[in-house]
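Those protein sequences? They're chains A and B, same order as listed. The first sequence begins at 280 in the working numbering and counts up by one. The second sequence begins at 306 in the working numbering and counts up by one.
Calculated directly from the structure, the hints in this document are not laboratory data. Please note that a few of the clues may not be correct.
[Unchecked claim] Computed cross-link-like contacts, SDA-like style, restricted to lysine to any residue with a CA-CA straight-line distance of at most 20 Å: (1) B:Lys560 with B:Ser585; (2) B:Lys322 with A:Lys428; (3) A:Lys363 with A:Leu476; (4) B:Lys323 with A:Asp459; (5) A:Lys344 with B:Lys560.
[To be verified] In silico contact screen, one side only, chain B against chain A (beta carbon under 7 Å); selected entries: (6) Leu324; (7) Ala325; (8) Ala333; (9) Ala337; (10) Lys340; (11) Gly507.
[As the list claims (entries may be wrong)] Simulated restraints, written as ranges between beta carbons of each label pair: (12) A:Asn308 with B:Gln366: 25 to 33 Å; (13) A:Glu303 with B:Phe348: 24 to 32 Å; (14) A:Gly589 with B:Leu343: 52 to 60 Å.
Quick caveat, the model's predicted, so the values are computed rather than measured. Virtual Cβ for every residue (Gly too), placed ideally from N, Cα, C.
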Amino acid sequence: MSKIIGAVEIGTSKAKALIGEVAENGVLNVVGMASRPNEGMRKGEIVDFRKAAAAVHSALEDAEKMSGTTVDEVYLAQTGSHLKGNMLRGSASVASSDNRVDVSDLQRAAEEAKRRKPDEGRTYVHHIRTPILLDGRIVQDPVGMFGSKVDLGYWSIDGDDHAIKQALHVISNYSLEVKDLILSSIASSTMMAGPDLRRAGTLVIDMGAGVTDFALYRQGFVACTGVIPVGGDHVTGDLSMGLRVLEPYAEKLKIEHGKAIADPIDEGEDIWIIGNKTIGDRSIPRKAITDVIHVRIAELFEIMSKELEGLLDPDELKGGILLTGGGSLLPGVEQIATKILGFTARRASFPSGIDPELAQPENATVLGLLHYGLEDHGLPGRIKEEVETGFLGKFRKMVGLGAQV
Amino acid sequence: MTIKKSKKQDAQSGNWKKLAPKSSRRPASKAALRKRLLGASKFLVLFFLLGVVGCVVWFFQERSQEDSGPLDITGTGAPISKLMFVTDGVLHKRWFENWFGPLRGRTLMDLDIKEIQTELKQESQISFVRVSRQFPATLKIEIKERMPILRLCLRSKTKGEQTWLVSTDGSLYLGTCYSNASLVHLPFLNIQPELLRLSSNGEGYEKLGGISAVAPLLEIARRDYPGFYQNWQVVSYERPHDDDPGAHIHIKSGKVRNLRFAPQHFATQLRRLKYLLMESDFRRTPVVESIDLSHDRSVFAKLSP
Chain A
280 MSKIIGAVEI
290 GTSKAKALIG
300 EVAENGVLNV
310 VGMASRPNEG
320 MRKGEIVDFR
330 KAAAAVHSAL
340 EDAEKMSGTT
350 VDEVYLAQTG
360 SHLKGNMLRG
370 SASVASSDNR
380 VDVSDLQRAA
390 EEAKRRKPDE
400 GRTYVHHIRT
410 PILLDGRIVQ
420 DPVGMFGSKV
430 DLGYWSIDGD
440 DHAIKQALHV
450 ISNYSLEVKD
460 LILSSIASST
470 MMAGPDLRRA
480 GTLVIDMGAG
490 VTDFALYRQG
500 FVACTGVIPV
510 GGDHVTGDLS
520 MGLRVLEPYA
530 EKLKIEHGKA
540 IADPIDEGED
550 IWIIGNKTIG
560 DRSIPRKAIT
570 DVIHVRIAEL
580 FEIMSKELEG
590 LLDPDELKGG
600 ILLTGGGSLL
610 PGVEQIATKI
620 LGFTARRASF
630 PSGIDPELAQ
640 PENATVLGLL
650 HYGLEDHGLP
660 GRIKEEVETG
670 FLGKFRKMVG
680 LGAQV
Chain B
306 MTIKKSKKQD
316 AQSGNWKKLA
326 PKSSRRPASK
336 AALRKRLLGA
346 SKFLVLFFLL
356 GVVGCVVWFF
366 QERSQEDSGP
376 LDITGTGAPI
386 SKLMFVTDGV
396 LHKRWFENWF
406 GPLRGRTLMD
416 LDIKEIQTEL
426 KQESQISFVR
436 VSRQFPATLK
446 IEIKERMPIL
456 RLCLRSKTKG
466 EQTWLVSTDG
476 SLYLGTCYSN
486 ASLVHLPFLN
496 IQPELLRLSS
506 NGEGYEKLGG
516 ISAVAPLLEI
526 ARRDYPGFYQ
536 NWQVVSYERP
546 HDDDPGAHIH
556 IKSGKVRNLR
566 FAPQHFATQL
576 RRLKYLLMES
586 DFRRTPVVES
596 IDLSHDRSVF
606 AKLSP
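Please take these sequences and the hints and turn them into a complete structure.
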């Protein structure tokens, strides 16, 4: 029987909901998608609960209508400057007398790694496993192998309790449960960077409206993630202030005429702000628009460069830099990224088989949520839990029947 | 294997799930309100359906406990107060009451009139029967009986000598309710034993094939020439079919000991017999040995020596 799963991204400019149907053969079909403008967020954090909830709920309702079904739980993307990542490491001695590694050894190492508590008022959002070391050697699945010590680590992201609660409340208010919280940058990386690129080493940068998320992959595993509180909205704000125009016009100028790097052919070209040349409309040089955008985008990559200082090793980053998110559509952004970060940057492309309407950079996160959720991220050898969904599953859960995991 | 995480473990590991709200707050949007109403209506419909199913089960359970036998759809009817018995023969109302049993206290709807009709029809003396209800309390029986034209004496090892009656269609039956006076004038039938065949139930005999050819002769004689008829004692026939040149009906009687008729034109033959017996020679003779009327215009007669 097919399974229905949902994904929600509460973005700074838009709330997006996606409903997918996982067929018996594991193929994911997107059966419903909707997005609604979100006025309840600033820099990736909810500042107006009711507005954010209205946007998310409307998107979910539209997606459910489009798919002709309902969802019971969703994967929720997490972003915001409150998120901080730390590497947690744990190790365990192999317990069996014949030195054969067992699942319980891995579990002990995992518990050891996760033992460290986050600071007061903060909660872990996402633990992303790093390579497993068996006696200092990287192995994919040590269960059944001989050795004396297992080491494993987690790139663990913790966030502010209040911000996480707000996001969870938005979903529970629509009578849904959150199946898992997934970091936005990890979700979009799952979608845009395939396993080969991740093994080669790549930096995925998701340029959103409020924040820019990034995830650095080395040898197929996450080495670092981060959120920079600079996004497309800041560019719009800069244009509004710098050119002294209202924000809607600034947004229009950014989308229609914005470039991140100066182009000689734009020299001398003037752009009408409103566009109808009526009273109040005025023209500004296109170069002025480009200059304002360039400053902000360059600043963004410089901040990122500082955050990743020491991690950008040419031998570990053969896959280069992938840009995604709505901000990556700005012409010239790849050149600035390449120049400042020192690695070839390019706009990420979606894998084949995705509907062209869906395959837009701004949808990378929400599509990635479903794909990440379908993958098994547990420890090797551990049985993946099967949770009953649907009305019967809900009923059984309510009356206390069935397995609890 | 199932692993159940305790709340304590969750709290220790800093799991975000502990931050999930325990109960939903007031809906923050119209979409959330619609979703909750839809969910609530689904549960209401489910409980309503469960309630309906429960009520139906309870109702049938109660009914099955109350049910003490077949459902009575006849209602309370008045007992049968009158029996109308209509027949063209000799059977009468008392015969029916003896045959059926007491009707007292029974209503019209208590009776299975189809069954009564079928059983009456199985009586060999009855050729047609119709049973009907005349509400409020009258049972009507209409029957037509077979008319006997001959008697047949049969002797069996078990039942001894029995007199059977032969009707115009050749049926044999043991007559009921006939007076001796009505049967005493009927001639006897003399028949070859091999022409008698037992009926399938073993209680009677199958119809005699040639009687339908003989019956008109007896009917004309009884009606138009009672003087001859009352002297006819034994009737026999051989191959009494029109197309058989040797077919004839043989009658033994008082004055003319042997009469022979062809199986057609009975009125002509009887008229001829009448004229013949009016002849002076025949009138003077007390007993005539034989008269053969079966040869069309020629009559052969033999006076007693």
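How the hints compare with the structure:
1. For a cut-off of 20 Å, the pair hint linking lysine 560 (chain B) to serine 585 (chain B) stands: about 15 Å separates their Cα positions.
2. Restraint check: the Cα-Cα separation between lysine 322 (chain B) and lysine 428 (chain A) comes to about 31 Å, which exceeds 20 Å; the hinted pair is violated.
3. Between lysine 363 (chain A) and leucine 476 (chain A) the alpha-carbon distance is near 25 Å, which puts this suggested pair outside the 20 Å criterion.
4. Only pairs whose Cα atoms come within 20 Å are accepted, and lysine 323 (chain B) paired with aspartate 459 (chain A) is accepted, the gap being roughly 13 Å.
5. Restraint check for lysine 344 (chain A) and lysine 560 (chain B): the C-alpha separation of about 115 Å exceeds 20 Å, so the hint is violated.
6. Annotation: interface hint on leucine 324 (chain B) holds; nearest CB of chain A at approximately 5 Å, less than 7 Å.
7. Proximity of alanine 325 (chain B) to chain A holds as hinted, the smallest CB-CB distance being about 5 Å (cut-off 7 Å).
8. This hint holds: alanine 333 (chain B) has a C-beta 4 Å from the nearest C-beta of chain A, less than the 7 Å allowed.
9. Restraint check, alanine 337 (chain B) versus chain A: the minimum CB separation of about 5 Å is within 7 Å; hint holds.
10. With 7 Å as the threshold, the beta carbon of lysine 340 (chain B) comes within range of chain A, its nearest partner Cβ sitting at about 5 Å, so the hint holds.
11. Because the closest C-beta pair between glycine 507 (chain B) and chain A is about 71 Å apart, greater than 7 Å, the hint is violated.
12. A hinted range of 25 to 33 Å for the beta carbons of asparagine 308 (chain A) and glutamine 366 (chain B) is inconsistent with their spacing of about 48 Å.
13. The given range of 24 to 32 Å is respected by glutamate 303 (chain A) and phenylalanine 348 (chain B), whose C-beta atoms sit roughly 29 Å from each other.
14. Our hint of 52 to 60 Å for glycine 589 (chain A) and leucine 343 (chain B) holds, since their Cβ atoms are close to 54 Å apart.
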